[in-house]
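Asker: Listed below, chain by chain, are the residues.
Number of protein chains: 2
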Amino acid sequence: MKLRLALAQINPTVGDLAGNAALITQSVDQAVAAGAHIAIFPEMVLTGYPVEDLALRPSFQVASKSALTALATQLDKSIVSIVGYLDQVDGKPQNMVAVIAGGQVKARYAKCHLPNYGVFDEFRNFVAGDSTLVVRIHGIDVGIAICEDLWIDGGITAQLAERTPGLVIVPNGSPYERAKDDVRLALVTKRAREAKAPLAYVNMTGGQDDLVFDGDSIVVNSDGAVIARAPQFEDGVMIVDVDVKAGTSTPDVIISEDSVEIAKPSIPGIAHRLGDEEEMWNAIVVGLRDYVRKNGFTSVLVGLSGGIDSALVAALAIDALGPDRVHGVAMPSKYSSEHSIEDAQLMAANTGLGFRIIEIQKMVDAFLNEVELTGLAEENVQARVRGTTLMGLSNQFGHLVLATGNKSELACGYSTLYGDAVGGYAPIKDIYKTDVWALSRWRNQVAADAGEVPPIPERSITKEPSAELRPDQKDSDSLPEYEVLDKVLKAYVDDDLGRDALIAAGFDKALVMRVISMVDRAEYKRRQYPPGTKVSKRAFGKDRRLPMTSKWREL
Amino acid sequence: MKLRLALAQINPTVGDLAGNAALITQSVDQAVAAGAHIAIFPEMVLTGYPVEDLALRPSFQVASKSALTALATQLDKSIVSIVGYLDQVDGKPQNMVAVIAGGQVKARYAKCHLPNYGVFDEFRNFVAGDSTLVVRIHGIDVGIAICEDLWIDGGITAQLAERTPGLVIVPNGSPYERAKDDVRLALVTKRAREAKAPLAYVNMTGGQDDLVFDGDSIVVNSDGAVIARAPQFEDGVMIVDVDVKAGTSTPDVIISEDSVEIAKPSIPGIAHRLGDEEEMWNAIVVGLRDYVRKNGFTSVLVGLSGGIDSALVAALAIDALGPDRVHGVAMPSKYSSEHSIEDAQLMAANTGLGFRIIEIQKMVDAFLNEVELTGLAEENVQARVRGTTLMGLSNQFGHLVLATGNKSELACGYSTLYGDAVGGYAPIKDIYKTDVWALSRWRNQVAADAGEVPPIPERSITKEPSAELRPDQKDSDSLPEYEVLDKVLKAYVDDDLGRDALIAAGFDKALVMRVISMVDRAEYKRRQYPPGTKVSKRAFGKDRRLPMTSKWREL
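Residue numbers (the UniProt record's numbering), protein chains in the order written: chain A, 1 to 555; chain B, 1 to 555.
I should point out that these hints are in silico values taken from the structure, not numbers from a laboratory. Mixed in with the good hints there might be a few duds.
As the list claims (entries may be wrong) - Interface residues of chain B toward chain A, partial, derived using beta-carbon atoms under 8 Å:
no.	residue
1	354
2	377
3	484
Unchecked claim - Within a straight-line C-alpha distance of at most 30 Å, the following computed BS3-like cross-link-like pairs (lysine-lysine) qualify:
no.	chain 1	residue 1	chain 2	residue 2
4	B	474	B	334
5	A	490	B	65
6	B	77	A	65
7	B	92	A	509
8	B	190	A	65
9	B	196	A	525
10	A	362	B	525
11	B	474	A	525
12	B	487	A	92
13	B	509	A	65
14	A	106	A	245
15	B	551	A	551
16	A	551	B	525
17	B	551	A	180
18	A	362	A	474
19	A	525	B	525
20	A	362	B	334
21	B	362	A	92
22	B	334	A	551
23	A	106	A	65
24	A	551	B	65
25	B	551	A	92
26	B	490	A	92
27	B	92	A	190
28	A	77	B	190
29	A	487	B	334
30	A	334	A	362
31	A	92	B	65
32	B	106	A	551
33	B	362	A	362
34	A	106	B	551
35	A	334	B	362
36	B	180	B	190
37	A	509	B	65
38	A	92	B	509
39	A	264	A	334
40	B	92	A	180
Only a predicted model underlies this, so the values are computations on that prediction, with no experimental measurement involved. Virtual Cβ for every residue (Gly too), placed ideally from N, Cα, C.
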């Protein structure tokens, strides 16, 4: 027997109950038009995800419940819809999925395994469920699990497997990480085999603060073989016919026993996988686009130094928003080299972004005339004058300022608090410098292959990195070469290797000592950095909480 | 039979394994000199608390275990010591207490109930224990619980009570909140009665990032009556003799069966409770002092506007560090009134803090000449020029900048990001404006009562609040009167009442709408605010995690 599923890989907005309900209704209508029997939505699609401590507000809990009840009456009654939302049970919040049929909520399933690591705080925000749910739909026993439920060996999905479901449905809010798609597929395959049933894995798309959801919804058959796979980072409703067996278990709820027929089979697609750079590029673009849009901004402002970081950020912003909504400002001082302005101008000419030049020397001099600042204090004044200029333009014209710092410099504290760290969003804060170059080259190559003008000036990519805050300054005066630095940072920051383990892994001892001492000192600056797209698994910010006041040193 | 306990109410530093071990050794020596039989330390005293995600670093776990083993051999062998630390069990971190006797660890107890709300993230950081521990010491069956274990009805302490301990020992890392001391006492009393045994509750002192630990260690007898209570906010070793019954249960570990005698009874003290203002004042002073000291600073810098917020911060800093380590700078612009400078000067004269004046008009004009900034954008330039000036002095002279914002303006977003929000620590970020006045009056009265010059100029207390960023500006142009505003904020922010509940509670509807709309818009600014002493239960920052990108509105 076949059942037609509609996997709604869509992009809800946290807190936008009315907007999300409208998105859901549209997707259900699409599913009905395509002849689907079950429309499946991502985790907490009605509230958006993650809601963090909003989950704890009673007024929000009540609003979510009411919105679900209202939505149930509005959805097309010819289809069963599986909709995630925030419930309030005995006064406590639960991460819930509702099975909606005939204008009513027929059954509910509460997430049993609550992740509380990395970017997740669910044990803080929800009360865990403790039982499986099987509902009979068109004679098929359908089991439901939510996201983390799938990741736990011997957990609720093992209990569900014992109930011999004919189909397993898994709504997810699974954020993008580099190479996570491979892990997901292996997991989906494994659980389908354990349950001896087809499994439909539905993930959301879009950016939410630091997180990006990449979609990548998957349907496998009971052997774990992929039947259909949605493209990453694209919204849409994927229609898939699955082979299912008539129910033999004891369902908790019977919604319908009538079997269905599919006149004209659907043709499932298995989307092409993106390459590493393309995947990262899309993650950053989606994260940036949604941060701007969902926060009600229409345009962004970037300080263009002529260097590679700001050029990359501008190129990403243009892909996210279009050149008309991206404004660049060059802010040369007496230490800026000639090529800095030229490269910023070339970037503007290549792409058509709005561009202006504001000389900062008079502002800097005004400070230096009033206060005796020298050395690093003097260097920082230049960065802070630029920050104040950007924020002035932001306040005057309503642009969101984008900070241009990358993960390598941020990790080492090589930035000025209230200076180049200024901004409402930091698109590449989770991108190592070596990846900054790789992404820039990749984007230019894509343009060249398409016969377009590559956006990023070649010299911005090839020139030696410099903050240009004093004569002849180079990043390499203060930091190890990025090729080496990034390897140590990955091992220390992302993989959590301690000093001895780093040395045992073959890194030079003096280098290890130098990098660790920079990273450990930089915590305070990182705390004040704006949010930005999370791309690698262990980053700074939300998924890493360290005391600012700590004497612990690896050294 | 009597047993002599030494409750070590001390102030460890997170990560400072060597320093904390030295503190522990000194306290054990004091306990031995006083003839105590058991020395009891706060939760995770060896690592400091809270360690947050440091708990997840394998190298730190191993270092903590090694430090404990080394410490055990060094502690005086004539006493049993109860020492909290971070353990690594099966490769996972546990919040553990060691029972040390004769130079060895004789038993271990892992915290069973892990708080994961408000400022706590323990479910994220530790693996929970699952069993009680009873050890026999001098023939007495001693049960151990850790902090949150005590707060859970029907939890591990109920299991412990069934084992009929002769004494219950509870190491704590319990942060200060307003009026928490009353709650603690009621809880300690209740658990002692349930266990039918005396209970010794030991809490730490000192500041750790946003948290302040206020001590308030308590010993009650088996009826729950208070035998001894340590002063809040003071370090020390409290010696208390408790009546105990010989062991009748089956202990997990027998350390010693020999009974002890006490030749000369100790005289327990019950410390005087502090008044509300005194308690808050001490909390802020301790938090500020330890943030400065534990982060390796020796001096602080405050922008003195002549207003009450900066005057209060300076007075707090002087009580924390002494006037020689507090530097004030007045930064008048053309909108500053004459009394602003006079009051800043008077504050300096009253207290002896370092003082200078830096005129900012030329810096402001330099910006306005180069960039077309008007209205709010122009106002913010002044605040940011001040922020840049403060940070310049900080970078040049090594002072930690103190931000002077209070909770009322921070909640409403009435501050300039990268302007008055600049600083490494914000001592009064969790203090409502009405409490700012109350604390100022209280401190001046204390000085007057002692025949000293009150530190805060009277006019700074009585003048109408103004940011002085445009002619004749008043806070009341933008905010409701603080007396009313603070009541709404307490209900909305601290007590989590929604719109309807606020109106039902009797607040004016238009006022509620106005305040909610300000608070909900201000989230981004709050994220970028420096840490500061947490004084009320629900504050901004660590104990409140909201999505920045959210369309949810109470309105």
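Asker: Would you mind marking each hint as holding or not holding in the structure?
Answerer: Okay, the hints, checked on the actual structure:
no., hint, in the structure
1, 354, "violated, 15 Å"
2, 377, "holds, 4 Å"
3, 484, "violated, 21 Å"
4, 474/B / 334/B, "holds, 16 Å"
5, 490/A / 65/B, "holds, 26 Å"
6, 77/B / 65/A, "violated, 61 Å"
7, 92/B / 509/A, "holds, 28 Å"
8, 190/B / 65/A, "violated, 38 Å"
9, 196/B / 525/A, "violated, 51 Å"
10, 362/A / 525/B, "holds, 29 Å"
11, 474/B / 525/A, "violated, 33 Å"
12, 487/B / 92/A, "holds, 26 Å"
13, 509/B / 65/A, "holds, 25 Å"
14, 106/A / 245/A, "holds, 22 Å"
15, 551/B / 551/A, "violated, 40 Å"
16, 551/A / 525/B, "holds, 29 Å"
17, 551/B / 180/A, "holds, 29 Å"
18, 362/A / 474/A, "holds, 24 Å"
19, 525/A / 525/B, "holds, 16 Å"
20, 362/A / 334/B, "holds, 19 Å"
21, 362/B / 92/A, "violated, 57 Å"
22, 334/B / 551/A, "violated, 44 Å"
23, 106/A / 65/A, "holds, 14 Å"
24, 551/A / 65/B, "holds, 17 Å"
25, 551/B / 92/A, "holds, 22 Å"
26, 490/B / 92/A, "holds, 22 Å"
27, 92/B / 190/A, "holds, 26 Å"
28, 77/A / 190/B, "violated, 55 Å"
29, 487/A / 334/B, "violated, 52 Å"
30, 334/A / 362/A, "holds, 10 Å"
31, 92/A / 65/B, "violated, 38 Å"
32, 106/B / 551/A, "holds, 29 Å"
33, 362/B / 362/A, "holds, 10 Å"
34, 106/A / 551/B, "holds, 29 Å"
35, 334/A / 362/B, "holds, 19 Å"
36, 180/B / 190/B, "holds, 16 Å"
37, 509/A / 65/B, "holds, 25 Å"
38, 92/A / 509/B, "holds, 28 Å"
39, 264/A / 334/A, "violated, 71 Å"
40, 92/B / 180/A, "holds, 24 Å"
Comparing the model with each earlier hint shows violations of hints 1, 3, 6, 8, 9, 11, 15, 21, 22, 28, 29, 31 and 39; every other hint is respected.
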